[in-house]
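Asks: Spelled out from the first residue to the last, the chains are:
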Amino acid sequence: MGAVTISSILEMLAMPFVIKAFICGTLIGAICAWLGIFVTLNKMAFFSESISHASITGIAISIWLSFDPSIFLIFFSVFMAGVIAFVSQSSFSSKDSVIGIIHSATIAIGIILLSFLKGGNTDLSRYLFGDIMAIRQLDIIICVALFIATVIYLLIFGKTHVITCLLSDFSVLEGISTPKYDFMLMIVLSLIIAVSVKIVGAILVTALLIIPSNAAKNITTSFKKFSMLSIKFGILGAVLGIFMSVVLDLPTGPSIIVVNALFYFITLGLRNYLRFSF
Amino acid sequence: MSETQRLIQVKNISFKSGKVSILENITFNINYGSFVALIGPNGAGKSTLIKIMLGLLKQTEGEILYEGLTPETVNRSHHLLGYVPQNFSLDRTLPITLDEFFRFTCKIKKEEEFDAMLKMLNLFHLKKNMMGNLSGGEIQRALIAYNLIHNHEIIFLDEPTSAIDIEGETLIYSLLKDINERLGKTVIIISHDIDTVLKNVDTVICLNKTLHCMGCPHEIISGGLINELFESKRGFYKHGSCHHK
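Those sequence lines, one after another, are chains A and B. Numbered per the numbering used here, the first sequence spans residues 5 to 282. Numbered per the numbering used here, the second sequence spans residues 544 to 788.
None of these hints come from the bench; they were simulated from the model.
Okay, derived cross-link-like pairs now, SDA-like style, lysine to any residue, Cα gap no bigger than 20 Å in a straight line: (1) B:K720 x B:D738; (2) B:K670 x A:F282; (3) A:K229 x B:T648; (4) A:K229 x A:T164; (5) A:K229 x B:D634.
Bound conformation, chain A alone (with noise of 0.2 Å):
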């Protein structure tokens, strides 16, 4: 690797794949840490981790019919969401339970179908590892519409969310369905994610849901303070994260990982060591 000059970082920052890299990211980092407010607070943060590591069967699928894996994982993920409700609400285990044996099935099946597939797939190991360097004018266009369309949803039914997460049990005595809102909280981040997995991969999709709330919930005293600075984490996560991947040439996804359980780890020592909180 050459020397890492400013004139040559300026000069990879202005490169039209990393900028579509910046919006991408930068959206998509602010959706999933509002939407991981309610994440943490509905306890949502497994049916996530399901829903991410579900997609693996959709790629599989996907390619396995030769359909476009971006478009095919937002229904695949819908499907899954919908799965995973009904049986919940069908079966005498704990939804935990019941998310857990989904989780696992869903992804036994992908590995199946995914050893016939022969030889190295490049469209996998994308969506399994994340690929943001590689986004498409059509991502683009999902990702912007989908951003509109949760911030319009979240403006909308996110009080809502939060009443039924502070009354839980007894909501329904003010005319709220718990089990209907928590339904649409569930297509709506199944929505996020099947986008997301393009950007961080399968894996790791769950940590932009979870790590800016978490991180923010460290240090704040209000709901207000929390949710600005759960957009903000993510945010900054996002484009802290892509800088050092182009800067030092390392994997996108991790990198803005990365910098999201350091904001958790440093906001935790404030907390603990520091007695921080504001």
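Following the hints, position chain B against chain A.
Replies: Here is chain B on its own, set in the frame of chain A:
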């Protein structure tokens, strides 16, 4: 319809969990504006009964009517029913202040009235505190405030003083008495603290899977009905004859 005629009707309520019978053929009426205690030994079905009355559980048989309306109808459109659960499942690490809790869960029309409510419940100085840092008694008072802001006409409380000290308990009961007498709310409370309950309420319902007895406190005490209840002698049913609300 006059105030005294307004009734909460519990008609032939039975509830089974699988094959296990939790409640059997419970029937009684409560007048709106009463302060009612639901007492009975552990496992008597008290919490189950109020969850059925709230519409949170569906009874196996029978019906509950609030001036002729089922709990489901009331919850869908009237929002009359308030609830203070025994265990409020709040994530104590969640960064949310008491003030934010109310602003998320209630429609606050007038700031002055909201502040006055918090002062009445001795919560005003805690407005900016994180919910997770509040004591059990403060959380219970916050939930009572939540019900008052929503203007719920009937408030159910499931052992609201089980996790708080004597001082906190006295405060909660004096608040409930005030809410009942001054604001005219119907208060239905489950408690194991029989002495305190009997001093404060106007109607006592004794439950042990079936309805054991119902009446005003002095009848229940003087008739020795409480002793019978806790000796698990079931099947005895008596409606008190004294005038209660």
